[in-house]
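Chemist: The chain contents come next:
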Amino acid sequence: MRSIITIARNTISEALSRVILQMILVFAIIFLVLGFFFTFMTPGEEDKMLKDLGLTVITGFGLLLAIFMGVSLIQPEMERRTIYALLAKPVRRLEFVLGKYAGTIAVLALSMIVMGVVLVGSLFLKQGVWSPELLIALVGIFFALMIMAALVMMISTFASTLMSVVAGFLFWSIGYAQSYLQQLSEHADNPVSVRVLNTISAVLPNFTYLDLRLAVVDGLSIPAQLLGKMALYGVGYAAVVLAIAAVLFNEREM
Amino acid sequence: MKGKAHKRGRWLLLPAFAVLVLLVPVQRSIVSDPGYRKEYVNPAVNLGSVREGGTVALMAMLGGFRPLVSNLLWLKVDEFWHRGGSGYWRMVGVLQAICEMDPHFIDAWSTFGWHCAWNIYVDAPVKDRPKWVQTGIEIYQRGIKFNPDRYDLYKDLAWLYHDKLRDYERAIPAWQETLKHPDAPIYVRHMIAHCYENTWQVDKAIATWKECLKEDPTDVVAKAALDWWRQQTADPEKLKAEKLRILVRENGVRRSRQLPMMEEPHSIR
Numbered sequence: 001m002r003s004i005i006t007i008a009r010n011t012i013s014e015a016l017s018r019v020i021l022q023m024i025l026v027f028a029i030i031f032l033v034l035g036f037f038f039t040f041m042t043p044g045e046e047d048k049m050l051k052d053l054g055l056t057v058i059t060g061f062g063l064l065l066a067i068f069m070g071v072s073l074i075q076p077e078m079e080r081r082t083i084y085a086l087l088a089k090p091v092r093r094l095e096f097v098l099g100k101y102a103g104t105i106a107v108l109a110l111s112m113i114v115m116g117v118v119l120v121g122s123l124f125l126k127q128g129v130w131s132p133e134l135l136i137a138l139v140g141i142f143f144a145l146m147i148m149a150a151l152v153m154m155i156s157t158f159a160s161t162l163m164s165v166v167a168g169f170l171f172w173s174i175g176y177a178q179s180y181l182q183q184l185s186e187h188a189d190n191p192v193s194v195r196v197l198n199t200i201s202a203v204l205p206n207f208t209y210l211d212l213r214l215a216v217v218d219g220l221s222i223p224a225q226l227l228g229k230m231a232l233y234g235v236g237y238a239a240v241v242l243a244i245a246a247v248l249f250n251e252r253e254m
Numbered sequence: 001m002k003g004k005a006h007k008r009g010r011w012l013l014l015p016a017f018a019v020l021v022l023l024v025p026v027q028r029s030i031v032s033d034p035g036y037r038k039e040y041v042n043p044a045v046n047l048g049s050v051r052e053g054g055t056v057a058l059m060a061m062l063g064g065f066r067p068l069v070s071n072l073l074w075l076k077v078d079e080f081w082h083r084g085g086s087g088y089w090r091m092v093g094v095l096q097a098i099c100e101m102d103p104h105f106i107d108a109w110s111t112f113g114w115h116c117a118w119n120i121y122v123d124a125p126v127k128d129r130p131k132w133v134q135t136g137i138e139i140y141q142r143g144i145k146f147n148p149d150r151y152d153l154y155k156d157l158a159w160l161y162h163d164k165l166r167d168y169e170r171a172i173p174a175w176q177e178t179l180k181h182p183d184a185p186i187y188v189r190h191m192i193a194h195c196y197e198n199t200w201q202v203d204k205a206i207a208t209w210k211e212c213l214k215e216d217p218t219d220v221v222a223k224a225a226l227d228w229w230r231q232q233t234a235d236p237e238k239l240k241a242e243k244l245r246i247l248v249r250e251n252g253v254r255r256s257r258q259l260p261m262m263e264e265p266h267s268i269r
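If you're matching them up, the sequences are chains Z and W in order.
Taken in order, the first sequence gives residues 1 to 254; the numbers are from the numbering used here.
Taken in order, the second sequence gives residues 1 to 269; the numbers are from the numbering used here.
Chain W on its own, in the form it takes in the complex (with noise of 0.2 Å):
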């Protein structure tokens, strides 16, 4: 009698079974919905990186607890970074794992490609140095990708042809492309208005503060930059010496940099 009972409780493995098997057009189904964000389960996080988190952090990606990680990491990139050094350098690996692990955090990707072009750079012997500032390249690209909404990484692909390249030809376009994103700040329209300047695009300088008058007509950065250049235009001399002044700043700072010469600003055209 108890194990005739027994046996007919077995007959809910067959339904069981069935919704096993219906499940997997399910999961199929999550992954590829648009909504679902698979860089959000990227197997190839480094552990080594984790590890610097400290073993809660080890833990913690083993246990899902992936938020938690990224923010212990990102305690620990504000302590290397105070710490200096050799913490300069061991901020990179921890970056990436951040990156990798949250691709959507824009300040971690901000500051990874900041920390490559920028700080380490300046750390790394003299011949390493362009590979740097091609690897912070790479990572603002990197987080393009999987931010192509925000203007923020644009803007800050933008800013290192602009300041630290001096590469007014690739900065143009990505300063254009920041200028897309409608919550984009004022100054990227000045920005490339700079560009022009500094590649003595004047009309296509003064061209651009216009604009910025037009779309916002209490800019005074703009109105006070079309006075300028209303007077330097009226008078030859002033044109002549406001282009040498560009070429010797530029210069300075290129040569500062071990950067290509501007041999004349137009040539560069």
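Extracted from the complex, chain Z is given alone in its bound form (with noise of 0.2 Å):
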């Protein structure tokens, strides 16, 4: 337990100091800020539009900061070699990688934070009113993040940076194309189609469980309930994939 704190901690001053991940949440916060001076719709349509912007900018940043948190977590440091000296230590290669995923996923909450209190806040100062329940579209929007920051990780352990980068793309878009997956599976009429659609289905990750930014920003109402499914699915997911990743990487030759 303590070599995985040490690494989640190296892992976040290494990523706080990091130019490219800086540079990512200063535009995502310039992009947040950039919605104070949209004014040209009625205050109805303008006050969604905002919102939906704001978390669409925290979400796309936020692919991006996990993305490339992901794929630096491991590749860098085998090209580097200094893995082999921490590896000499005696640290096994399973709290490597968690070491690793855990410093990253504190290093994305630290940025959803600072992203979402920037939404909350440039909202207030533009309309004088409050809007704390964007924060739980955040939350869903966390634990997508979560899973791909797992995936780049585990696809990271044995292809190269980009691949691992565009596979972390392909993923997004598959978990937000599972309602199509879906829809052939209900359209299927032979049962051996139905069953390996829906099998494939449960096993790519699907976003659309973790989706609550149209909902909040309609005003709907997210029960508590709903909340902690979706957070058992995330951490779930999460934690599959990252048993996958340090199989894999204890299987690979170093």
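Because the hints were derived from the structure by calculation, they are not lab data.
The structure presented is a predicted model; accordingly, all values stated were derived computationally and were not measured.
Mixed in with the good hints there might be a few duds.
Claimed, not checked - The calculated label-pair distances, taken between Cβ atoms and stated as ranges, are: (1) Z:23 to W:21: 17 to 23 Å; (2) Z:85 to W:38: 49 to 55 Å; (3) Z:183 to W:11: 46 to 52 Å; (4) W:75 to Z:26: 25 to 31 Å; (5) Z:187 to W:176: 24 to 30 Å; (6) W:11 to Z:220: 54 to 60 Å; (7) W:145 to Z:117: 57 to 63 Å.
To be verified - If we take Cβ atoms under 10 Å as the criterion, some of the chain Z residues that face chain W in the derived model are: (8) 94; (9) 176; (10) 207; (11) 208; (12) 210.
Unchecked claim - Here are some of the chain Z residues that sit facing chain W, going by a computed Cβ distance under 8 Å: (13) 53; (14) 55; (15) 158; (16) 159; (17) 163; (18) 179; (19) 206; (20) 209; (21) 221; (22) 222; (23) 223; (24) 225; (25) 233.
For every residue, glycine included, the Cβ atom is placed at its ideal position computed from N, Cα and C.
These two chains come separately, so use the hints to put the complex back together.
Modeler: As structure tokens, this is what we get:
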């Protein structure tokens, strides 16, 4: 446990000092603040649009953070050969993976909080109304990004950085296209096809389960038990991917 | 030694598989949760209409950025509206895509129904016009199914029956449905009273105006209407003249819109 915490701390300080991640965060904040100057629609439409765009910016930049942090956890350590020094110490590979992931999640959570506060704050400055409900949508986005970071980390244990980035974006897209897969399954006549499609659908991540953005902006209530189920799905799925990542990393000859 | 170490790590796959299996009921439970909005992941969104928002919209759609897409398309609606001409027709597909993507976006349903029943109605060939009014009605009804707790679309539907079709028999229950929502504007009850006036149900109209005043004693419109009806009902000649005035006004509007004529106001009851 001690070594996991040490690796996590190290990952956090490394991530926070990395220029690309700082740039992503700064750009996200600039985009969020730009909404302040958005004034050409009627008040109701403007409110919806600002909230929608704000959450989109957070999702987009959060995704970039998750992917770029996910790929920079293992591969660069191997390229720089710093991993050998680390693994020579009494640190198990599983602990290494868990520590790296925990650090990434902490940085992601911190970024989400910063971006969330900027969004809610800029909306307050513009409209004079607090919109804390937007933070509920951020919870869903965070769980999706947790899964994404784990997926990219898993891919980067055996693939190049570029391939990991591309695969990350593909997984993200697939995770949102699950409704099409489910529609195919509902319309399939062959029971074998139905079973295959359902299995694929269950195995691949489904980010629509974690997407509360439109519901929150449209002012719909989000029951606490749904948030609990989402947390279970997000954490559970990330744990599965992380376990596979640990096995793949363990299998790797170094 | 190394090989053994590698194999030792594989035990993790077993609990991982178990968790993956356990996630299946969790997924089902999310989908069946009353708070989960399946309508937001509707796969039936027409990608052709999404393309109207540009390549960015299409890419964003594939990337799971539906809120961004619906906003880009909403801006496109504004652009098409100001462009006019063929832009009016292109608005139809775009508005449909927005409603499919974000079915709790009331303004989109409201604009979509209004656009079909009023604007496209005027632009369409005369023989097709009733079809577009019917489309407007169906759009409002679909929107209401998604948003039964909001008064807005009930109000829009009632206004369509009231103003566009001059069908007060259908407008009255629609206005009454609107009134069931506590946040419905005060003028909704006024509209019910007007429906009764236009169908020459004077007693019901007066009773409704009295309800308005009871609801809000400062309602100057209801006060003026009650004063007016007091004067009219006191003098049979004035009452007759008022009946004729309504008949002439109604038939004037109906003629211009090719709606069935009103023979005698009381016969519509």
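Chemist: Please verify that hint: residue 53 (chain Z), Cβ, nearest Cβ of chain W, below 8 Å or not.
Modeler: Interface hint status for residue 53 (chain Z): holds (6 Å vs cutoff 8 Å).
Chemist: Tell me if residue 179 (chain Z) is really an interface residue toward chain W, meaning its C-beta lies closer than 8 Å to one of theirs.
Modeler: holds, 4 Å
Chemist: Quick check on residue 158 (chain Z) please, does its C-beta sit within 8 Å of some C-beta on chain W?
Modeler: violated, 14 Å
Chemist: Would you check whether residue 163 (chain Z) satisfies its interface hint, that is, whether its CB is within less than 8 Å of any CB in chain W?
Modeler: At about 19 Å, which exceeds the 8 Å cut-off, the nearest Cβ of chain W leaves the hint on residue 163 (chain Z) violated.
Chemist: So, as I understand it, the hint says residue 225 (chain Z) touches chain W; can you test that by seeing if any CB pair is closer than 8 Å?
Modeler: holds, 7 Å
Chemist: Identify whether the interface hint at residue 94 (chain Z) stands, where standing means a beta carbon of chain W within less than 10 Å of its own.
Modeler: holds, 7 Å
Chemist: Look at the Cβ atoms of residue 187 (chain Z) and residue 176 (chain W) and judge whether their distance stays inside 24 to 30 Å.
Modeler: violated, 41 Å
Chemist: Can residue 223 (chain Z) be said to touch chain W, with a Cβ gap under 8 Å?
Modeler: Where the cut-off is 8 Å and the nearest Cβ of chain W is about 4 Å from residue 223 (chain Z), the hint holds.
Chemist: Tell me if the beta carbons of residue 183 (chain Z) and residue 11 (chain W) are separated by a distance inside 46 to 52 Å.
Modeler: violated, 38 Å
Chemist: Would the hint on residue 209 (chain Z) be counted as holding, given a Cβ-Cβ threshold of 8 Å to chain W?
Modeler: holds, 5 Å
Chemist: When you take the CB atoms of residue 75 (chain W) and residue 26 (chain Z), is the distance between them in 25 to 31 Å?
Modeler: holds, 26 Å
Chemist: Given residue 206 (chain Z) was flagged as interface, is its beta-carbon under 8 Å from a beta-carbon of chain W?
Modeler: holds, 7 Å
Hints 1, 3, 5, 6, 7, 15, 16, 17 from the list above are not met by this structure, while the remaining hints are.
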